[in-house]
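Residues in the sequence shown are numbered consecutively from 34, following my numbering.
Keep in mind that the hints were calculated from the coordinates and are not lab data. Mixed in with the good hints, there may be bad ones.
[To be verified] Pairwise CB distance ranges (calculated): (1) 168 - 70: 23 to 29 Å; (2) 148 - 58: 44 to 50 Å; (3) 186 - 124: 31 to 37 Å; (4) 55 - 187: 50 to 56 Å; (5) 148 - 52: 48 to 54 Å; (6) 45 - 134: 28 to 34 Å; (7) 59 - 184: 39 to 45 Å; (8) 38 - 186: 53 to 59 Å; (9) 124 - 85: 26 to 32 Å; (10) 97 - 76: 18 to 24 Å.
[Claimed, not checked] Restricting the straight-line Cα-Cα distance to at most 20 Å, the calculated cross-link-like pairs of lysine to aspartate or glutamate (EDC-like) are: (11) 149 - 120; (12) 95 - 84; (13) 42 - 53; (14) 63 - 151.
Using N, Cα and C, we set each Cβ at its ideal position, and we do this for glycine too.
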Amino acid sequence: MAESTNAVKARNDRYNKYVETVTPKTSIPKALFHSFVVGGITCMIGQGIGDIVMLISPSMPKDMVSNITSMILVTVAILLTGLGVFDVIARQGGAGSFLPITGFANAMASASMEFKTEGLIFGTSVKLFSVVGPVVVNGIVWSSVAGLLNLWIMGM
Numbered sequence: 034m035a036e037s038t039n040a041v042k043a044r045n046d047r048y049n050k051y052v053e054t055v056t057p058k059t060s061i062p063k064a065l066f067h068s069f070v071v072g073g074i075t076c077m078i079g080q081g082i083g084d085i086v087m088l089i090s091p092s093m094p095k096d097m098v099s100n101i102t103s104m105i106l107v108t109v110a111i112l113l114t115g116l117g118v119f120d121v122i123a124r125q126g127g128a129g130s131f132l133p134i135t136g137f138a139n140a141m142a143s144a145s146m147e148f149k150t151e152g153l154i155f156g157t158s159v160k161l162f163s164v165v166g167p168v169v170v171n172g173i174v175w176s177s178v179a180g181l182l183n184l185w186i187m188g189m
């Protein structure tokens with residue numbers, strides 16, 4: 034029994050050493066910088082789109098401008114995902130590419146593209162909404178919790 038335990042431990046040690054040698058070394062400051070830059074550029078592009086929409090239609094309400102801007106950003110992110118460009122951006126930008134609304138659009142498009150061989154309904158459509166469901170549920174639950182906490186604190 035002790036021999037098999039030692040053999041397992043030796044095997045695990047060899048495996049851990051192997052993993053350390055093949056795992057790419059990342060610099061946390063460099064990753065944070067890239068994330069900040071990519072997220073910032075994404076937000077600047079969104080602001081630019083909103084400004085252009087306001088120039089085209091100055092009488093449009095600001096909430097409508099925000100909606101149109103979001104739709105354009107989502108559409109562009111889905112197109113970039115389909116063309117394989119978003120993956121390149123994500124490799125460089127890390128969380129900066131996934132935190133804005135474009136990351137959500139990428140997650141939806143990637144999931145639906147992965148299962149397109151299953152068909153339009155049971156593949157693409159089902160996987161598209163399998164990502165949306167948990168996000169919507171979590172959004173509703175946690176915003177409700179935040180609202181209740183706010184009421185409770187304000188009532189004190």
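Hint-by-hint comparison with the structure:
Remark: the range hint 23 to 29 Å for residue 168 to residue 70 is upheld by a beta-carbon distance near 26 Å. A hinted range of 44 to 50 Å is violated for the C-beta pair residue 148 and residue 58, which are about 34 Å apart. Against the hinted window of 31 to 37 Å, the Cβ-Cβ separation of residue 186 and residue 124 comes to about 42 Å, which falls outside the hint. At about 54 Å, the beta-carbon gap between residue 55 and residue 187 stays in the expected band of 50 to 56 Å.
Under the hint 48 to 54 Å, the C-beta atoms of residue 148 and residue 52, about 30 Å apart, miss the expected range. The beta-carbon spacing between residue 45 and residue 134, approximately 42 Å, falls outside the hinted interval of 28 to 34 Å. With their beta carbons about 43 Å apart, residue 59 and residue 184 fall inside the hinted range of 39 to 45 Å. Range check, residue 38 to residue 186: about 54 Å between beta-carbon atoms, so the 53 to 59 Å window is met.
In this structure, residue 124 and residue 85 meet the distance hint of 26 to 32 Å, their C-beta atoms being roughly 29 Å apart. Distance hint for residue 97 and residue 76: a CB-CB separation of about 19 Å, consistent with the stated range 18 to 24 Å. For the suggested pair residue 149 and residue 120, the alpha carbons sit about 18 Å apart, so the restraint of at most 20 Å is met. Between the alpha carbons of residue 95 and residue 84 the distance comes to roughly 10 Å, so the proposed pair stays at or under 20 Å and holds.
A distance of roughly 16 Å separates the Cα atoms of residue 42 and residue 53; the hinted pair therefore holds under the 20 Å criterion. Pair hint residue 63 plus residue 151 does not hold up; C-alpha atoms about 40 Å apart against a cutoff of 20 Å.
Taken one by one, the earlier hints fail for this structure at numbers 2, 3, 5, 6, 14, listed in ascending order.
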